[in-house]
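Fit chains U and E to the supplied structure of chain D, relying on the hints for placement.
Protein chains in written order, with the numbering used here: chain D, 252 to 791; chain U, 252 to 791; chain E, 252 to 791.
Please note that the accuracy of each hint is not assured.
Where chains are identical, the list cannot tell them apart; a pair therefore holds if satisfied intra-copy or between any two copies.
[Said to hold, decoys possible] With a straight-line cut-off of 35 Å between C-alpha atoms, the simulated DSBU-like cross-links for lysine-lysine are:
(1) K407 / K334
(2) K636 / K727
(3) K751 / K506
(4) K636 / K751
(5) K751 / K727
(6) K751 / K407
(7) K506 / K407
None of these hints come from the bench; they were simulated from the model.
Here the structure is a predicted model, which is why all the values come from computation and not from measurement.
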Amino acid sequence: MGNEYGCHNRFDYSDDAMRAFQEWCRERYGTIDAVNDAWGANFWSQRMTDFSQIIPPRFIGDGNFMNPGKLLDFKRFSSDALKAFYEAERDALAEITPDMPLTTNFMVSASNSVMNYDDWGDVVDFVSNDHYFTPGEAHLDEMAYAASLTDGIARKNPWWLMENSTSAVNWRPINYRKEPGQMIRDAMVHVAMGADAVGFFQWRQSRAGAEKFHSSMVPLAGEDSQVFRDVCTLGRDLDALADAGLLGSRVERAKVAVVFDYESQWATEHTATPTQQVRHWTEPLDWFRALLDVGVTADVVPVRGEWDAYDVVVLPSVYLLSEADSQRLRDYVQGGGKVIVTYATGISDERDHIWLGGFPGSIRDVMGVRVEEFAPLGDDFPGTKNEVSLSNGTTAHDWIDVITSVADGADVIATYDDDPWSGLDGVPAIVANRFGEGRSVYVGCRLGRDGLAASLPEVLDALGVADSDSGSGDAKVLRVVREGADGTRFAFLFNRTRGKVTVPVDGEPLLTSMASVVGDGDTAEITPNGFVVTRSVCAD
Amino acid sequence: MGNEYGCHNRFDYSDDAMRAFQEWCRERYGTIDAVNDAWGANFWSQRMTDFSQIIPPRFIGDGNFMNPGKLLDFKRFSSDALKAFYEAERDALAEITPDMPLTTNFMVSASNSVMNYDDWGDVVDFVSNDHYFTPGEAHLDEMAYAASLTDGIARKNPWWLMENSTSAVNWRPINYRKEPGQMIRDAMVHVAMGADAVGFFQWRQSRAGAEKFHSSMVPLAGEDSQVFRDVCTLGRDLDALADAGLLGSRVERAKVAVVFDYESQWATEHTATPTQQVRHWTEPLDWFRALLDVGVTADVVPVRGEWDAYDVVVLPSVYLLSEADSQRLRDYVQGGGKVIVTYATGISDERDHIWLGGFPGSIRDVMGVRVEEFAPLGDDFPGTKNEVSLSNGTTAHDWIDVITSVADGADVIATYDDDPWSGLDGVPAIVANRFGEGRSVYVGCRLGRDGLAASLPEVLDALGVADSDSGSGDAKVLRVVREGADGTRFAFLFNRTRGKVTVPVDGEPLLTSMASVVGDGDTAEITPNGFVVTRSVCAD
Amino acid sequence: MGNEYGCHNRFDYSDDAMRAFQEWCRERYGTIDAVNDAWGANFWSQRMTDFSQIIPPRFIGDGNFMNPGKLLDFKRFSSDALKAFYEAERDALAEITPDMPLTTNFMVSASNSVMNYDDWGDVVDFVSNDHYFTPGEAHLDEMAYAASLTDGIARKNPWWLMENSTSAVNWRPINYRKEPGQMIRDAMVHVAMGADAVGFFQWRQSRAGAEKFHSSMVPLAGEDSQVFRDVCTLGRDLDALADAGLLGSRVERAKVAVVFDYESQWATEHTATPTQQVRHWTEPLDWFRALLDVGVTADVVPVRGEWDAYDVVVLPSVYLLSEADSQRLRDYVQGGGKVIVTYATGISDERDHIWLGGFPGSIRDVMGVRVEEFAPLGDDFPGTKNEVSLSNGTTAHDWIDVITSVADGADVIATYDDDPWSGLDGVPAIVANRFGEGRSVYVGCRLGRDGLAASLPEVLDALGVADSDSGSGDAKVLRVVREGADGTRFAFLFNRTRGKVTVPVDGEPLLTSMASVVGDGDTAEITPNGFVVTRSVCAD
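Here chain D stands alone, though its shape is the one from the complex (with noise of 0.2 Å):
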């Protein structure tokens, strides 16, 4: 079976290549009349009238001048015949192991979209993913938020961590190890949010050739050595988890969903659009990082998934809304529904068509707005600036939306407090809507995850939520439960930040990490990189 799909061989521009994309399109489209449409075609004379007039997007010269449309097919294509080469090898595999289930790994993060993995998910007999850390201040969060994915892929069916590092990875300029506790904390972290295998690359560090100096459950210095001691202390740990009965266990859905969309990521990744600063994926991460700093857990989960099944959903940046999404959001809002939509969501069809008359094109009844034009910012050029105020004290940067209309009955949460000139001084930023049985709120500009969590208590307040309904409620830990079959909850406490912290313990202590429980066993104390797991059985 292949080994991380699309990572180093994603797009192929062979006469082969284009021979197969052709034939994808005619699947896809049964006319070359209808790519025509697709593409926009007519703009710049690029009809064509027969499908062998298909080239894949060669370089030329200018990415700007690519078609938007083909390129966006070109990526949705990269990603099927991948797919079928996979299926190809499962079904050989599959008729001499036919008992054996068969996965590959796939790369899911915050920063990663080479292939649709959610597409990928109905192919995989369990879902598998590979996670390197990200450095710094986002390692544990990105690592939630990328596992929360991966279990939403999964569709909540347990899936694996096939591959992570024991310390540093060796493909990056500046290659950071793993501080004491982080090895362990983030195995477990995949396991809270529904891993059943943790697994590392590689074994045995290899002493020669291109990842000599990558990380290794028994590393270059020998087994007398603190990353071997924790990846024995992880086994036993693994197992007491198994011995407990966590296997099979599914992570409890939360309260809020945020909802990521492989198509929208590669339509904006096109370079002649409002501003290259924003692609959709550069949003979802902070919303799910400015729940967690008001106390909340969100589910991440596919635009395909199970969004609608939540009592609150967050379309950030959701590029593309289909004609058949956007009822769906419609339906959901009208049916009771509370959705938060921003700035750059619902902009084009799945064609990449632009919605006319006004953004969000396609549900601006459902958010009571009408947006004209786009404010990006910036600071490439001397007199420009990449920021603007918000009256509720926080502050935008690299996109906003012009909304020059607001429905009756809606709420202007914030406007931007700008030079009067501009004219974006007193323009509506956050509005609050009602629609049908639902409410909606509108986030029409970038805000970045601590301005996310300055306006989430009142942007939760007018959608009538509380801001703790799922999660800690406790901006300092991370929470996430495991429910078995017969009642059992296993919560996983871990510390977010970078001094001791204290919680309640829910349940019987099963695992500690740089972190003990303490007084007479209601509370724990966790260090940095630390956390804790306990088990109850829910009395329902």
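Okay, now just chains U and E, sitting in the frame of chain D:
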């Protein structure tokens, strides 16, 4: 007719182009030895014995080491080859529609020189230009500069603004929108500078394809939008100006000419120069803006144009000066002309052969200075600094000429204050001289817009001219006048600041935008991005 | 004879080169299995079964994943192939002019290792070097470092400075000129370090062609110029030194050797390393300068050179240490030698196979430390920081060794002060050890020039050596001595500061530049960029 010739297809390195380049060289130089001589081919054994040995300047691993003479000629050839292509298209059309004037859209701006547009000016029936605004604080000034250069290329015949944008473009990394008022104001700046027509790309914004995020007259949001309403207002404004007799009028000649030279720009793009931080075009815009900052609106004039018809002419880093141009300058000053010449002017002749004996080689007598070597400044190595103070309170950056002698009778207006061991302390920085009936000032360093503005009063005084001979006399306002054949004068006043300015109104107010005429009609209050147009009839 | 071999043609990826590389591998390794073993070809299924399967390390999309063993060998091959080319040219010339010594211009500097010049030293009749100054504050020190390394390559036989510049070069983005005095001073630094001849590129500055802005002996401004007058002065100065008997004298051996290794530099250029911020050559120059900062002039010695003839030897990030070199170091210290070894030394053997069991693998016993893993520092992700304090008041950057144990009897000279959760707080940073009759100090992090200078007094004390055994004993002055066969000593003193310094004069003043001998002739006052040369006869 082709669109924006050279924008995406400036250079052709194919074998066909190679043969055409060989032919071009044969026509320019006659013999291969003349080519060898022009390109300094003795150096590095580059001598050729036949035209067939000439290859295009293809990539050789390091641009530093391309032959600069060949590279300059290849740029000339490329402009000529595309011009010949335009002429072929034009001639074919002219047979069919002999009564239609024919043109093509140039791309004149302060930072584009893919073609020698001044040379192309001869082959169009009327000049037309595409101009896209520079974001940030240079927006208005750069536009006025580019429009003035277009007017210079048109030899003050009316021209067309073929393309500009109603708001954001889509091809920058960050695509800033226009502020309220800017769309109409921008169009009017081009009109003030000689445009008789204003066009936009694009009419109706495309829903799909590579330019769907480029603004338009009818935006994605539809006709119910500020952009569309402003487009309609602009149409009415242009009608009003036409009714008032503006069409066909010409921009009043300024007192000061700032010279721009496409070939000097091309030559200074070679990387093996004293510093890559200085190329010809970095300086003319600074001078144009600094002159505005002391209330003087200059004309930007191509080096082949009539700069010797002005009271004062500025040669800002005009790197190439042929023998003939050197003599023309000498004659101009000899006969009473007043000239400001900066560092990096007159370094080489038209073949990029350096004038020997000290800089500025061919016009040392006129300027009364002798420069022994250059002292580029930078901060790209620890312990380097990109600033040296001048005795007049300004600061030099990027380039200092080491002036080692000054003619008898010349006045040193400013010197450098530096580390006593650097060899720059006390060296003359700005030197005024008298030559024949005229006067000259040499500015031996890069002062930037602010440093030039601060130095200009003294410089103009040394030349014996007041500092407000043309323009508004007020740094806060850009003032341009178009003169009709019947003596009608159309004065355009634009606010250059971020606050309101009050200006005297000289004639009958024809148009205002973001402005209001107050009091008894003698003054107007203009907000940022606003302007006033008045009409008067010359009593003379 | 070719010019600057390898400067622009280091690598050849053609099929011809492929065959030559295959042959080179056959000669080095004998069997393809030995190649497989050397390159760790089992990893990633890279095993070959025939020499014809060896291809050059052509671009594969990501340099991280090239085989590091192959890449290292390809650099060795490329140096050898060009050396063989030189030898062929040399042999042809030697037949014609058997009495002429033959050489070629190396490019030895602190930041160039395209060829293994130490290896080339064996095939020239005398060493010659091209050196172009580093702009900014490192100018003098880097030049002295490079010249000392050249002297080390020449094994202290006199050598030639074949090329340097009178002032600016033309191939940097910003081409700084030399300050007054620097041209003569620079030439004299090379002379002090062993050059018996000083050459310049170029004689008369070319008017045209790619190097027309490169300074020369006769500049574009002509003979009436400071540059030309200084060239004449230098000629007279060199004559005076020749008359005084300098030619053929040798640079006095210093007490301290700083080791440089071309192959360690090549190996650390691979991108999949702990951090790309640390490559071998970043460290030796820092040590050379830090030693100057405590008044010690060190010799820079190639790893194959006689570093074990010195009192103290510094191995600064000498990444590759073969079994033989490890043993050589062990024997040296065992026998009473004093060694300073830094982080990133002795990581791998000559095949880039990592020494197992903890770092520095093959010399842990000598150093008395064991490093379990590396902790690279950086600031390229939010929340990362590229600095950790040491208990001795200095600061580590870029790389920290996690020292987990220290030998009995070893002294921890400094530890880290860090976040209590980082795993670095309290870890030993600098450790002194005794081994056999000798002593060692291990510096487990990158301290930079300033940190090293601040730590050196204590380090030298731990080694049992005073801090001014050689050199000037004065951080403000670079002092070098050349010794004639007859006991004549030529002392060169150069001002390292930006102010005047007063120095004792030890002998008869032969030359001064930007300096004056004052008082009774026992002291001299040297301005920045100045120097004094004296002659004395050794009484011994």
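A quick look at each hint next to the structure:
{"no.": "1", "hint": "K407 / K334", "result": "within (22 Å within a copy, 64 Å between copies)"}
{"no.": "2", "hint": "K636 / K727", "result": "both (33 Å within a copy, 22 Å between copies)"}
{"no.": "3", "hint": "K751 / K506", "result": "within (28 Å within a copy, 52 Å between copies)"}
{"no.": "4", "hint": "K636 / K751", "result": "between (38 Å within a copy, 21 Å between copies)"}
{"no.": "5", "hint": "K751 / K727", "result": "within (10 Å within a copy, 50 Å between copies)"}
{"no.": "6", "hint": "K751 / K407", "result": "within (32 Å within a copy, 61 Å between copies)"}
{"no.": "7", "hint": "K506 / K407", "result": "within (15 Å within a copy, 69 Å between copies)"}
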